[in-house]
Amino acid sequence: MRLNRFREKAMQGVFFLTAVTSIAAVVIICIFLFYNGVPAMAEIGFFDFVGGQKWAPTNVPASYGIFDMIIASIYVTAGAIIIGVPIGILTAVFLARFCPAPLYKVLKPATELLAGIPSIVYGFFGLMVVVPFIRDTFGGFGSSWLAASIVLGVMILPTIIGVSESAIRAVPESYYEGALALGATKERSVFKTILPASKSGVLAGVVLGIGRALGETMAVVLIAGNQVQIPHSVTDGLRTLTANIVLEMGYSTGLHRQALIATGVVLFVFVLLITLSMQAIKSRSEKRG
Amino acid sequence: MANSDNIKNDAALVDVSQIKAINKVSFKQRMKAYKRKPLSLVLLILVGLAAAISAAALIFIIVYVLVRGVPNLTPELFSLEYNSDNVSCMPSIINTIILTLVTLVISVPFGVGAAIYLAEYAKRGNKLVKVIRTMAETLAGIPSIVYGLFGMLFFVYALNWGYSLLAGAFTLAIMVLPTIMRTTEEALLTVPDSYREGSYGLGSGKLRTIMRIILPSAMPGILAGIILAVGRIVGETAALIYTYGSATGYAAGPFNSGRSLAVHMYVLTNEGLHTDQAWGTAVVLLVLVFAINTLSAFVAKKLGNNKR
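Protein sequences, first through last, are from chains B and R. Using our numbering, the first residue of the first sequence is number 1, and each one after it goes up by one. Using our numbering, the first residue of the second sequence is number 1, and each one after it goes up by one.
If you are wondering where the hints come from, they were derived from the structure by calculation, not from laboratory data. It is possible that part of the hints are untrue.
Here are a few chain B residues that sit away from chain R, every Cβ distance over 10 Å (derived from the structure) [unchecked claim]: (1) Glu43; (2) Gly51; (3) Phe67; (4) Asp68; (5) Ile82; (6) Ala101; (7) Tyr122; (8) Ser166; (9) Lys186; (10) Arg188; (11) Ser200; (12) Gly211; (13) Ser233; (14) Val234; (15) Asp236.
Straight-line distance between alpha carbons at most 25 Å, and here's what the computed SDA-like set of lysine to any residue pairs gives [stated by the list, open to error]: (16) B:Lys282 x B:Ala184; (17) R:Lys28 x B:Ala184; (18) B:Lys282 x R:Thr134; (19) R:Lys32 x B:Ile31; (20) B:Lys282 x R:Leu128; (21) R:Lys127 x R:Val105; (22) R:Lys37 x B:Lys9; (23) R:Lys28 x B:Ile23; (24) R:Lys123 x B:Ala115; (25) R:Lys127 x B:Pro100; (26) R:Lys32 x R:Ile53; (27) R:Lys127 x B:Ala10; (28) R:Lys206 x B:Gln12; (29) B:Lys108 x R:Leu128; (30) B:Lys108 x B:Phe141; (31) B:Lys199 x R:Tyr121; (32) R:Lys123 x R:Val102; (33) R:Lys28 x B:Lys9; (34) R:Lys28 x R:Leu43; (35) B:Lys199 x R:Ile45; (36) B:Lys186 x R:Ala55; (37) R:Lys37 x B:Leu182; (38) R:Lys302 x B:Gln279; (39) B:Lys282 x R:Leu101; (40) B:Lys54 x B:Phe141.
Quick caveat, the model's predicted, so the values are computed rather than measured. Just so it is clear, CB atoms sit at the ideal spot from N, CA and C, and this is done for glycine as well.
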């Protein structure tokens, strides 16, 4: 009997420990990134690093400014949002309110498959199909802000569709019925009552999509051109924070390497901010619901 | 009382087919409504168009990759040896399988254990549970390149494992932990409370109830989550380049470097010399990932059947 009791307690302890791993993981990740990245920021000078417009790590003297890449990451994410969000939300509306049942059985798994395609395949596809298309149609090198935005826009579709659809489905049917009974058309009822009511859920999906677009690496590195610059037109190339890490980590040493880790820290902080705002949106919608 | 009985009886006598529904909108009426509110028609078209674009994107990508890739699925692509003339993807396939297994061995006990704690032991509204959930969500949001960076700093350099199977597997294990945790917890929560009560009623303790009753009935859901994690592992690139490395041979030991299939494809694409083989590899990768996703959905469906 006592042995049993001991076993119960011991296993509870084990389960508890496994549950705490996720906390430990986040803490260790934070410590290691900041420990390795912050000294470089200090050495370069925080404002020279984040605000500097010259990235020339192999020059003598070297300069490490990532401002252009921060802007590039924001530009690419914005482009992906402009392309992905309207299509994603409207597709979610279609799936939730307009889709005939037989079509739904095909379309829903299709959107999930879109999420399953590895990012390297997206990148390769972009390089082989989207980049030449842009080169032939709009001129320039093809590898560009526009190419990255299009591919990323498709990549964030499943995230936005999935989250938005469940948010739309969570709205009480009575909202819709009420609008219909007042004589509104089906479309009006959906767009004027259901969609506004599912606002915070849809927003959560968009924020999640922003996080994915910001953190995407392999697709972007293949199709964005990777020039360190602030693009003047959509057909100009750019280099995101993520691409910078992948491109140069292989051969970097010393302060250059630390500067790349610091680039990762900046990215990490961005993503943490997004996660936090995501959680804020969620808890707000839970309180209301 | 008698009155309502009468009504009920009358209702039973009415022939249903005779009833004319007044809330049914005919096509003509709908067109009339659209004429009055053209915006509604525009919205309908937009919604349909968006769905068509989403579907078209998927079909276009898949068909294009298949058309360009399938002719390149030559026997040489799957020969056992990799060399610079014949960039066979066989070693990377084997490496991917080993990497997946090792990653699962590390992450599944932690993920499932954590989910058991959250679903079965933790009290509702516990502060710590909230923190754990927040942290798991944070983990889920971290981009894979940051995982790669961390894995390189911690496993490759701090622990001095070098580019190795273990470094790659541990990095990925942390990455898929939130996926396994969440899906397992959801599966545990679908087990009806009556199972737990029945088990306690027969005199078994909490541990036995969890191991013998709850885990088995939640198994399909847990499996579906694990298979989903496998899909992520197979498709992952950014987290592996600087942890597992990109050596071309078989990773024979835990401290050997190797390249997974996705990394292999990245290297091929980057070099730009073997585009045909890259198309072929893309097909292999797509087929693998889709098979894994389908399997996951199939297993998850089984859970739904069990519940009934």
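Verification of the hints:
Every CB of chain R lies more than 10 Å from the CB of glutamate 43 of chain B, the least distance being 17 Å, so the non-interface label holds. Taking the minimum C-beta to C-beta distance to chain R, about 22 Å, the non-interface status of glycine 51 of chain B holds against the 10 Å cut. Chain R leaves phenylalanine 67 of chain B outside its interface by the beta-carbon criterion, the shortest separation being 20 Å against a cut-off of 10 Å. The Cβ of aspartate 68 of chain B lies farther than 10 Å from every Cβ of chain R, with a closest approach of about 18 Å, so its non-interface assignment holds.
No beta-carbon of chain R is positioned within 10 Å of the beta-carbon of isoleucine 82 of chain B; the least distance is around 14 Å. The beta carbon of alanine 101 of chain B sits about 14 Å from the closest Cβ of chain R, which is more than 10 Å, so the claim that it is off the interface holds. Some Cβ of chain R comes within 10 Å of the Cβ of tyrosine 122 of chain B; the nearest lies about 8 Å off, and the non-interface call is violated. Chain R leaves serine 166 of chain B outside its interface by the beta-carbon criterion, the shortest separation being 13 Å against a cut-off of 10 Å.
At roughly 7 Å from the closest C-beta of chain R, the C-beta of lysine 186 of chain B falls inside 10 Å, breaking its exclusion from the interface. Listed as a non-interface residue, arginine 188 of chain B fails to keep its Cβ farther than 10 Å from every Cβ of chain R; the least gap is roughly 5 Å. Against chain R, the non-interface label of serine 200 of chain B holds: every CB pair exceeds 10 Å, the least being about 16 Å. Under the 10 Å C-beta cut-off, the non-interface status given to glycine 211 of chain B relative to chain R is violated; the minimum distance is some 5 Å.
At roughly 24 Å, the least C-beta separation between serine 233 of chain B and chain R is larger than 10 Å, which holds for a residue marked as non-interface. For valine 234 of chain B, the condition that its CB be more than 10 Å from all CB atoms of chain R holds, with the nearest at approximately 19 Å. Interface exclusion of aspartate 236 of chain B from chain R stands, the closest Cβ pair being 22 Å apart, more than 10 Å. About 30 Å separates the Cα atoms of lysine 282 of chain B and alanine 184 of chain B, which puts this hinted pair outside 25 Å; it is violated.
The straight-line distance between the Cα atoms of lysine 28 of chain R and alanine 184 of chain B is roughly 16 Å, inside the 25 Å bound, and the hint therefore holds. In summary, the hint linking lysine 282 of chain B to threonine 134 of chain R is supported, as the alpha carbons are separated by about 12 Å, within the 25 Å threshold. With a CA separation close to 65 Å, the supplied pair lysine 32 of chain R and isoleucine 31 of chain B exceeds the 25 Å bound. A C-alpha spacing of about 19 Å is found between lysine 282 of chain B and leucine 128 of chain R, which places the hinted pair at or below 25 Å, so the restraint holds.
Of the supplied pair hints, the one linking lysine 127 of chain R and valine 105 of chain R is violated, its CA atoms being roughly 30 Å apart against a limit of 25 Å. Our distance criterion of 25 Å between C-alpha atoms is broken by lysine 37 of chain R and lysine 9 of chain B, whose separation comes to about 67 Å. A C-alpha spacing of about 61 Å is found between lysine 28 of chain R and isoleucine 23 of chain B, which places the hinted pair above 25 Å, so the restraint is violated. Of the pairs offered as hints, the one joining lysine 123 of chain R and alanine 115 of chain B is violated, with about 34 Å between alpha carbons and a cut-off of 25 Å exceeded.
Of the pairs offered as hints, the one joining lysine 127 of chain R and proline 100 of chain B is violated, with about 44 Å between alpha carbons and a cut-off of 25 Å exceeded. About 28 Å separates the Cα atoms of lysine 32 of chain R and isoleucine 53 of chain R, which puts this hinted pair outside 25 Å; it is violated. For the proposed pair lysine 127 of chain R and alanine 10 of chain B, the alpha carbon gap of about 22 Å is at most 25 Å, so the pair holds. Annotation: proposed proximity of lysine 206 of chain R to glutamine 12 of chain B holds, straight-line Cα distance about 9 Å (limit 25 Å).
With a CA separation close to 36 Å, the supplied pair lysine 108 of chain B and leucine 128 of chain R exceeds the 25 Å bound. The hinted pair formed by lysine 108 of chain B and phenylalanine 141 of chain B fails the criterion: a straight-line CA distance of about 36 Å is larger than 25 Å. A hinted pair counts as satisfied when its Cα atoms are at most 25 Å apart, and lysine 199 of chain B with tyrosine 121 of chain R does not qualify at roughly 34 Å. Using a Cα cut-off of 25 Å, the hinted pair lysine 123 of chain R and valine 102 of chain R is violated, with the two alpha carbons roughly 33 Å apart.
With a CA separation close to 70 Å, the supplied pair lysine 28 of chain R and lysine 9 of chain B exceeds the 25 Å bound. Proximity of lysine 28 of chain R to leucine 43 of chain R is assessed by CA-CA distance (about 18 Å); at most 25 Å being required, the pair is judged to hold. With a C-alpha separation of about 22 Å, the suggested pair lysine 199 of chain B and isoleucine 45 of chain R falls inside the 25 Å cut-off, and the hint holds. For the given pair, lysine 186 of chain B sits about 23 Å from alanine 55 of chain R by alpha-carbon distance, which is consistent with the 25 Å threshold.
Distance restraint check for lysine 37 of chain R and leucine 182 of chain B: the Cα-Cα separation of roughly 14 Å lies within the 25 Å cut-off, and the hinted pair is therefore satisfied. As the CA atoms of lysine 302 of chain R and glutamine 279 of chain B are separated by approximately 32 Å, the hinted pair breaks the 25 Å bound. Restraint check for lysine 282 of chain B and leucine 101 of chain R: not satisfied, since their Cα atoms lie roughly 35 Å apart, outside the 25 Å limit. At most 25 Å may separate the alpha-carbon atoms for a hinted pair to count; lysine 54 of chain B and phenylalanine 141 of chain B meet this at roughly 22 Å.
Of the numbered hints stated above, those contradicted by the structure are hints 7, 9, 10, 12, 16, 19, 21, 22, 23, 24, 25, 26, 29, 30, 31, 32, 33, 38, 39, listed in ascending order.
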